[in-house]
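Chemist: In case you want the letters, here they are:
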Amino acid sequence: MQTPDVNWLAIAPDLALALAAAIILLVEVQWKPRARILGLIAAGSLVVASGLAVVQWLAAADAVAAGNVSVLSAFSGMVLMDGYAIFGRFALLVVTAMGIASGWQFFSDLGRRCAEGLALVLLATTGFSIMVSSNNLIMLFLGLEVGSIALYVLAGLTREDKKADEAAIKYFLMGSFASAIFVYGVALIYAGTRQLTILGIGDFLGSFIVGSPGVILIGIGLVIVGLGFKVSAAPFHTWAPDVYQGAPAGIVGYLAGVAKIAGFAAMARILLTAVDDFDWSFLPVISGIAVVSMLLGSVMALVQSDVRRMLAYSGVAHAGFILTGIAGSSSDGILFYLAVYAVQLVGAFAVVAAVSGPSGSSSDIGLYRGLSRRSPVLAGSLTVLLLGMAGLPLTSGFVAKFGVFSDAWFNGHEWLVVVAVLASVIAFAFYLRIVVIMYMEDDDAAPIAVPGLVRWVLGIAVLATLIWGILPGSLLNIVADALPL
Amino acid sequence: MLTALILAPAVAAIVVALIPSRRAELHLPLGIALSMVPLGLAGYLFWIFEPMPGYQHATDAVWYEPWGIGWTLGVDGISLPMVVLTALLVPIALGASTSISKRIKEFVVFILLLEAGMIGAFLALDMFLFFVFFEAILIPMYFIIGIWGGERRIYASIKFFIYTALGSALMLAAIIGLAFNYSSQFGVTSFALADLMQVTLDQGTERWFFAAFALAFAIKVPLFPLHTWLPDAHVEAPTAGSVLLAAVLLKLGTYGLLRFNLALFPEASVDAVPIMGTIAVIGIIYGAVVAIVQPDLKKLVAYSSVSHLGFIVLGTFALTSGGLQGAVIQNFNHGVTTGALFLLVGMLYDRRHTKAIADFGGLQKVMPVFAGFFLFMTFASIGLPGLNGFVGEFLILIGSYATVPVLAIIASFGVVLAAIYLLWAYERVFTGEPDKEENKVLVDLSPREIGLLTPLAILVLVVGLYPAVLLDKIGPSTEAVLDHIESSTDFEVPYPGRLDDVFTAGGDS
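As given, the protein sequences belong to chains A and B, one line each in that order.
Just so we're aligned, residue 335 is where the first sequence starts under our numbering, counting upward by one.
Just so we're aligned, residue 320 is where the second sequence starts under our numbering, counting upward by one.
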């Protein structure tokens with residue numbers, strides 16, 4: 335019997351997070367400490383995990399430089415430690431840290447349930463981190479489920495709030511349905527190729543002519559549908575507005591950000607590495623989903639009167655833009671887009687949570703009237719972040735869009751790009767609507783106090799948006815090295 | 320040098336932003352003082368600019384190498400007048416903004432950011448960089464209209480933003496497409512204008528790209544029938560916003576057509592001469608006719624812009640020396656005269672809080688200095704010989720007669736119509752006896768206001784009497800544009816459309 339090649343480094347960051355989740359739960363049972371202690375444990379684990387991710391990055395760079403890429407595959411090819419996985423993991427860790435910091439008010443208000451909340455966040459990140467780094471489709475599914483189930487519970491963590499319950503149930507039902515579809519697709523791909531690893535499927539399809547590809551094609555289709563649910567691409571987006579609106583404000587940004595990063599990173603890896611020889615079959619589907627997502631997301635966002643629902647529909651539109659990158663087979667463009675968008679999303683939801691207040695669940699657009707006077711910090715940050723999402727030049731959002739659009743054009747999808755730029759213009763309208771209300775209408779409601787941690791999160795999100803917009807090379811050079819194996 | 324010209328206003332904006340809001344009395348004077356820096360730099364640039372073809376003071380720094388984008392700047396005779404105009408008008412526009420009471424700090428910051436963006440757009444020689452500036456300008460202008468504008472400011476600001484963004488979105492797609500063609504023909508990716516000019520496109524693609532660029536610029540100009548955002552934006556914008564919008568922002572459209580459409584798509588440009596010329600002439604006549612019936616003074620000036628900018632587009636697509644030189648110099652002239660007219664209307668509005676022509680009458684008696692300036696600028700705008708407007712429109716009409724004689728003849732009626740709408744408006748506002756009580760107590764211009772208008776009036780006279788001060792610097796660059804078109808297409812400028820033709824003809828006789 336062969337013992338698997340154990341490479342602890344490949345999963346070390348994930349282990350650190352899972353361990354911290356366990357420690358938080360045990361400490362809570364034993365000592366019932368103040369929320370602050372638990373938060374510090376979570377923060378510490380994120381720092382350790384990020385440090386380990388940096389170590390991974392350096393090790394991977396050495397291995398690639400030495401031409402010894404086989405060490406990047408660990409546990410009999412179950413997980414990969416390639417730049418793509420490490421970058422995705424790092425992005426997840428950053429979003430997690432920002433998510434906990436911006437939602438700290440929410441976590442500390444949970445009282446004794448604070449430990450559960452923090453542990454679930456760490457477990458969700460662990461799951462998604464495994465998802466972006468797994469090479470085996472079953473492993474990928476496990477990561478997806480660990481992450482998703484933790485998110486379902488997080489969405490309903492405030493049991494007293496009926497809206498949150500509704501959101502959690504809806505998210506759970508839709509999400510598990512999507513997972514089932516995904517795993518069925520995996521099964522069909524296995525049936526067609528006798529392979530479960532992404533690299534193995536890629537080799538198989540690259541070296542053999544498949545006599546009857548029907549099973550594989552259906553499998554690919556189901557995988558796209560399943561992951562399409564997770565990233566809220568139209569027409570599989572229907573859960574998103576309700577969940578974004580109903581889930582506790584403090585964690586929506588985190589929830590949306592990590593699901594998008596993990597879902598798209600996995601989708602891009604499967605489509606562009608495993609089944610790329612079948613791109614003739616799925617590219618039209620991806621383009622179609624992209625067009626529907628961009629147009630439907632933008633148009634529906636126009637008519638929302640609730641900022642969270644608007645951000646949900648704008649997320650659908652962003653899913654479409656990112657799918658444009660898949661059509662352009664631009665794995666680095668997608669990573670860049672995901673990183674900048676997730677950071678903007680967490681920042682924007684930090685503002686939403688602050689405006690709604692610790693107890694308030696409403697995020698009606700009217701609450702933002704005259705925000706520029708009531709809290710210049712919140713209004714200014716949200717403006718920069720929204721302009722970033724809109725993709726105005728000098729923000730990272732523009733660079734991200736430019737990257738995926740130009741790759742799509744270079745890959746022969748001119749019309750997709752034309753639709754995409756037009757959808758971006760529609761998107762300007764609804765982002766500007768919020769800016770208008772914040773700056774151009776006056777209201778004498780009370781000023782809003784901004785907690786220190788939220789200030790930090792906003793500062794980082796705004797700086798990242800501007801710096802990566804003005805000097806994109808600082809991040810583009812990194813994603814250019816973060817290629818999948 | 321050019322980098323400093325772009326960064327100076329941006330740094331000034333940051334400095335003003337750092338002054339605490341409670342020292343509200345400092346922001347405007349500081350903003351004006353700091354905007355003298357780019358003005359000084361632009362003046363120096365004008366002084367040392369050599370009248371020869373090609374770009375001067377070029378800067379080329381890599382921005383992100385794999386994408387082939389760079390911080391590529393350069394100035395030539397086409398962009399030089401616009402840079403000077405921008406740098407000159409910003410302090411004047413700020414000086415005219417003393418009536419703004421709310422959020423003066425943000426106002427000054429946005430105006431300075433706008434200046435940085437506008438100068439950047441005129442100097443950029445990398446399509447990516449140009450697009451960044453072109454689009455980034457929308458943000459400060461959007462806030463300027465939306466926060467400090469009139470009653471329907473929100474509607475106007477969003478309409479302005481969406482219209483212009485729509486045009487530039489398709490231009491972005493075309494820019495990506497151009498870069499794609501370049502990289503497939505030359506093996507490297509580049510967005511530099513000089514590189515993209517070497518791309519060979521098949522006819523269909525070139526026409527599509529031309530159309531995408533032309534649409535973006537036509538909305539900006541604006542050409543009929545894409546002009547509907549302009550009156551709204553102008554009427555609602557505060558005075559400083561109107562001045563910069565009319566004098567500089569619209570010129571990005573005419574500048575873009577001349578700089579990018581002609582250079583990147585020479586074949587399609589030649590084919591488009593009848594179409595663009597016709598649209599331009601429709602704009603000239605339409606704008607003038609609509610201006611005649613406007614009851615609102617600001618709207619009248621706004622529609623007169625539609626008409627005047629039609630001349631510039633006509634001159635551009637005349638593809639003759641006269642037409643191009645006229646277009647460039649008229650870009651400058653229109654900025655001076657229309658900027659001054661908007662200033663004057665703004666000064667009147669500050670006093671009377673109305674812009675309706677019917678509310679006035681007989682102002683000549685109560686505000687003689689004001690009336691004098693207004694009449695002077697009106698004459699300049701009509702194109703009275705000896706004033707600047709005459710030089711530009713005369714060159715454009717002469718130049719376009721060589722290529723599109725019928726259109727030139729029709730366009731010349733625009734000059735007549737301009738005399739009608741401007742003088743008739745003058746008559747209704749200024750002549751006769753002041754019959755309304757409110758009008759009898761109006762105060763004449765203050766020294767500050769005279770100080771704002773005088774530099775513009777001097778420019779009107781200088782360019783009108785001695786246009787060579789600008790034309791000498793413009794000429795070599797516009798000749799280079801024609802050389803490029805003649806060398807890359809079968810098109811030949813019809814006799815006597817080139818400068819050489821004129822000089823030879825003079826020598827023979």
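Think of the hints as simulated: they come from the structure by calculation, not from any bench.
Worth double-checking, as some hints may not be accurate.
What follows is a list of derived Cβ distance ranges for each label pair [claimed, not checked]:
{"id": "1", "chain 1": "A", "residue 1": "W749", "chain 2": "B", "residue 2": "P795", "range": "58 to 68 Å"}
{"id": "2", "chain 1": "B", "residue 1": "V760", "chain 2": "A", "residue 2": "L800", "range": "48 to 58 Å"}
{"id": "3", "chain 1": "B", "residue 1": "K421", "chain 2": "A", "residue 2": "S639", "range": "49 to 59 Å"}
{"id": "4", "chain 1": "A", "residue 1": "W749", "chain 2": "B", "residue 2": "A513", "range": "51 to 61 Å"}
{"id": "5", "chain 1": "A", "residue 1": "K497", "chain 2": "B", "residue 2": "Q522", "range": "29 to 39 Å"}
{"id": "6", "chain 1": "A", "residue 1": "V403", "chain 2": "B", "residue 2": "T547", "range": "56 to 66 Å"}
{"id": "7", "chain 1": "B", "residue 1": "D521", "chain 2": "A", "residue 2": "V381", "range": "49 to 59 Å"}
{"id": "8", "chain 1": "A", "residue 1": "I699", "chain 2": "B", "residue 2": "D802", "range": "37 to 47 Å"}
{"id": "9", "chain 1": "A", "residue 1": "P569", "chain 2": "B", "residue 2": "P544", "range": "31 to 41 Å"}
{"id": "10", "chain 1": "A", "residue 1": "L797", "chain 2": "B", "residue 2": "D379", "range": "47 to 57 Å"}
{"id": "11", "chain 1": "A", "residue 1": "V381", "chain 2": "B", "residue 2": "Y363", "range": "51 to 61 Å"}
{"id": "12", "chain 1": "B", "residue 1": "E369", "chain 2": "A", "residue 2": "I801", "range": "30 to 40 Å"}
Listed next, the in silico SDA-like pairs over lysine to any residue satisfying Cα-Cα at most 20 Å (straight line) [unchecked claim]:
{"id": "13", "chain 1": "B", "residue 1": "K684", "chain 2": "B", "residue 2": "K792"}
{"id": "14", "chain 1": "B", "residue 1": "K759", "chain 2": "B", "residue 2": "L703"}
{"id": "15", "chain 1": "B", "residue 1": "K421", "chain 2": "A", "residue 2": "R707"}
{"id": "16", "chain 1": "B", "residue 1": "K792", "chain 2": "B", "residue 2": "F709"}
{"id": "17", "chain 1": "B", "residue 1": "K421", "chain 2": "A", "residue 2": "G704"}
{"id": "18", "chain 1": "B", "residue 1": "K478", "chain 2": "A", "residue 2": "R707"}
{"id": "19", "chain 1": "A", "residue 1": "K496", "chain 2": "A", "residue 2": "G445"}
{"id": "20", "chain 1": "B", "residue 1": "K421", "chain 2": "A", "residue 2": "G714"}
{"id": "21", "chain 1": "B", "residue 1": "K421", "chain 2": "A", "residue 2": "R703"}
{"id": "22", "chain 1": "B", "residue 1": "K421", "chain 2": "A", "residue 2": "K496"}
{"id": "23", "chain 1": "B", "residue 1": "K421", "chain 2": "A", "residue 2": "D778"}
{"id": "24", "chain 1": "A", "residue 1": "K496", "chain 2": "A", "residue 2": "F440"}
{"id": "25", "chain 1": "B", "residue 1": "K421", "chain 2": "A", "residue 2": "I760"}
{"id": "26", "chain 1": "B", "residue 1": "K421", "chain 2": "A", "residue 2": "D776"}
{"id": "27", "chain 1": "B", "residue 1": "K478", "chain 2": "A", "residue 2": "D778"}
{"id": "28", "chain 1": "B", "residue 1": "K421", "chain 2": "A", "residue 2": "G445"}
A short list of chain B residues far from chain A (calculated; beta carbon distances all over 12 Å) [claimed, not checked]:
{"id": "29", "residue": "S340"}
{"id": "30", "residue": "F452"}
{"id": "31", "residue": "I456"}
{"id": "32", "residue": "S503"}
{"id": "33", "residue": "S731"}
{"id": "34", "residue": "Y814"}
Ideal Cβ placement from N, Cα and C applies to all residues, glycine included.
Chemist: Now, for every hint given, state plainly whether the structure supports it.
Modeler: Structure-based check of all given hints:
| no. | hint | result |
| --- | --- | --- |
| 1 | A:W749 - B:P795: 58 to 68 Å | 42 Å, violated |
| 2 | B:V760 - A:L800: 48 to 58 Å | 50 Å, holds |
| 3 | B:K421 - A:S639: 49 to 59 Å | 27 Å, violated |
| 4 | A:W749 - B:A513: 51 to 61 Å | 29 Å, violated |
| 5 | A:K497 - B:Q522: 29 to 39 Å | 59 Å, violated |
| 6 | A:V403 - B:T547: 56 to 66 Å | 59 Å, holds |
| 7 | B:D521 - A:V381: 49 to 59 Å | 56 Å, holds |
| 8 | A:I699 - B:D802: 37 to 47 Å | 56 Å, violated |
| 9 | A:P569 - B:P544: 31 to 41 Å | 37 Å, holds |
| 10 | A:L797 - B:D379: 47 to 57 Å | 28 Å, violated |
| 11 | A:V381 - B:Y363: 51 to 61 Å | 52 Å, holds |
| 12 | B:E369 - A:I801: 30 to 40 Å | 38 Å, holds |
| 13 | B:K684 - B:K792 | 42 Å, violated |
| 14 | B:K759 - B:L703 | 31 Å, violated |
| 15 | B:K421 - A:R707 | 12 Å, holds |
| 16 | B:K792 - B:F709 | 19 Å, holds |
| 17 | B:K421 - A:G704 | 14 Å, holds |
| 18 | B:K478 - A:R707 | 25 Å, violated |
| 19 | A:K496 - A:G445 | 19 Å, holds |
| 20 | B:K421 - A:G714 | 17 Å, holds |
| 21 | B:K421 - A:R703 | 17 Å, holds |
| 22 | B:K421 - A:K496 | 43 Å, violated |
| 23 | B:K421 - A:D778 | 15 Å, holds |
| 24 | A:K496 - A:F440 | 17 Å, holds |
| 25 | B:K421 - A:I760 | 31 Å, violated |
| 26 | B:K421 - A:D776 | 12 Å, holds |
| 27 | B:K478 - A:D778 | 27 Å, violated |
| 28 | B:K421 - A:G445 | 45 Å, violated |
| 29 | S340 | 9 Å, violated |
| 30 | F452 | 8 Å, violated |
| 31 | I456 | 10 Å, violated |
| 32 | S503 | 8 Å, violated |
| 33 | S731 | 38 Å, holds |
| 34 | Y814 | 41 Å, holds |
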